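Q: Sequence:
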Amino acid sequence: MGAQVDRSMNDGHGPPIFKVCGQVHHRIGSLLPMTNEPPKFLQLYVYDTAHEVNNRIQSLSSTDAPASPIRPEIVHELLKMLDEHNPFAKKFRLARERLNEHTNEEFIIRIVGAREGDPVQYNMPTTDDLAMLVIGDFSLDTFKRDIIIETRNSELRRISSLHPAYMALQYPLLFPYGERGFQVGVVYSGLEARETNSRTHMTMQDYYCYQFHYKSGQPNPFLSYGTLSNQAKVDARACIDENRLTYILHNQDRLRIENLQGISDAVSRGCINGDEMGKTIVLPASHIGGRRYMIQNYHDSIAICRVHGPPDFFITFTCNAKWPEIVESLYHSGQKTSDAPDIAVRIFHMKLEELLQDIKSGNIFGPCKAGADTVLPCFHD
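Anchor point for the sequence shown: position 121 equals 121 in full-length UniProt numbering, and the numbering is continuous, going up by one each time.
Derived by calculation from the structure, the hints in this document are not laboratory data. The structure displayed is predicted, hence computed values, not measured ones. No residue lacks a Cβ here, since even glycine has one placed at the ideal position from N, Cα and C. Check before you lean on any hint, since a few could be wrong.
What the hints assert, rightly or not - DEER-style ranges, computed between Cβ atoms:
(1) L173 with E37: 23 to 33 angstroms
(2) I315 with V345: 17 to 27 angstroms
(3) K80 with V345: 33 to 43 angstroms
(4) R291 with D206: 18 to 28 angstroms
Whole structure, please, built from the sequences with the hints as guidance.
A: Below you can see the structure in the form of structure tokens.
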């Protein structure tokens, strides 16, 4: 995963936080490392497998190294588990055998992407449905929706967040069976075709909201594995934001952006001549967290003050990780609140709704005419 990870707040005085800045992207390299370079990532499945356990331990950077030493026997058992159950690991091992038998043969590994109406959207795929070896002459244009892994290449290929294997390739320990992730075109289950339905296909946010939810008796990779699960959740949220921003980028005309790109915007940027305006990509106010979104909500709050006068109270409400409701709702003994942020958020939201209801009822501070609130690390009303 490529991202600018901010570790400055993890100074030991609070729960561990995984924070990324800027754009998040997944990339994949070739089967074999370049000359005089050590193997890393998927190359560890193929190159110098006689020393694979040691190579994997040595491949960790200083920032990723754990506080306690890594036990080689645990790494060995995890490798056995992946070799037995993970379809991608099996294909990488097959590529290793092919390279040993035919050193000069050209081939690629093709990790199959999704097509519209593809039956794998609804059925458990076989190993050949997920990945395959392609031998001989081929054109990369033929596999535009797939992930292509070449034998040796110094360049990294970017993986689309819409590819079904996006998460399984990045987090093999969370998805040991190579489970397919989100893909475009999946229809809501049990949905009747009615004209009132604004959407009939599942969105990326719908998919991850469903995946994040606790299901009794089912292990959940997004909830059960501590810090790694939290990183996967941040990664998924970044995918959702990227998907929304990509839609905005390619649909500027459909979003009626011309109303936002008028002369006033050009003048505010210092453009005097018409040839200086160029083409601007505008983030509309409908995108949560954007500049126009923040300004629009600020203006709404000021308008409330203009009509009803200045506020009488400034109330803050902060979540306490040791609330009994949170501690009692943890999924298993020994789990920390920082390992279950979904529980903390849901309980905080329920308590917040009760607080707002008490304020708006008029029984505590008197009649409530209007209010404005925001939730950033704590709630302000």
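Q: Can you name, in rising order, the numbers of the hints this structure does not satisfy?
A: none
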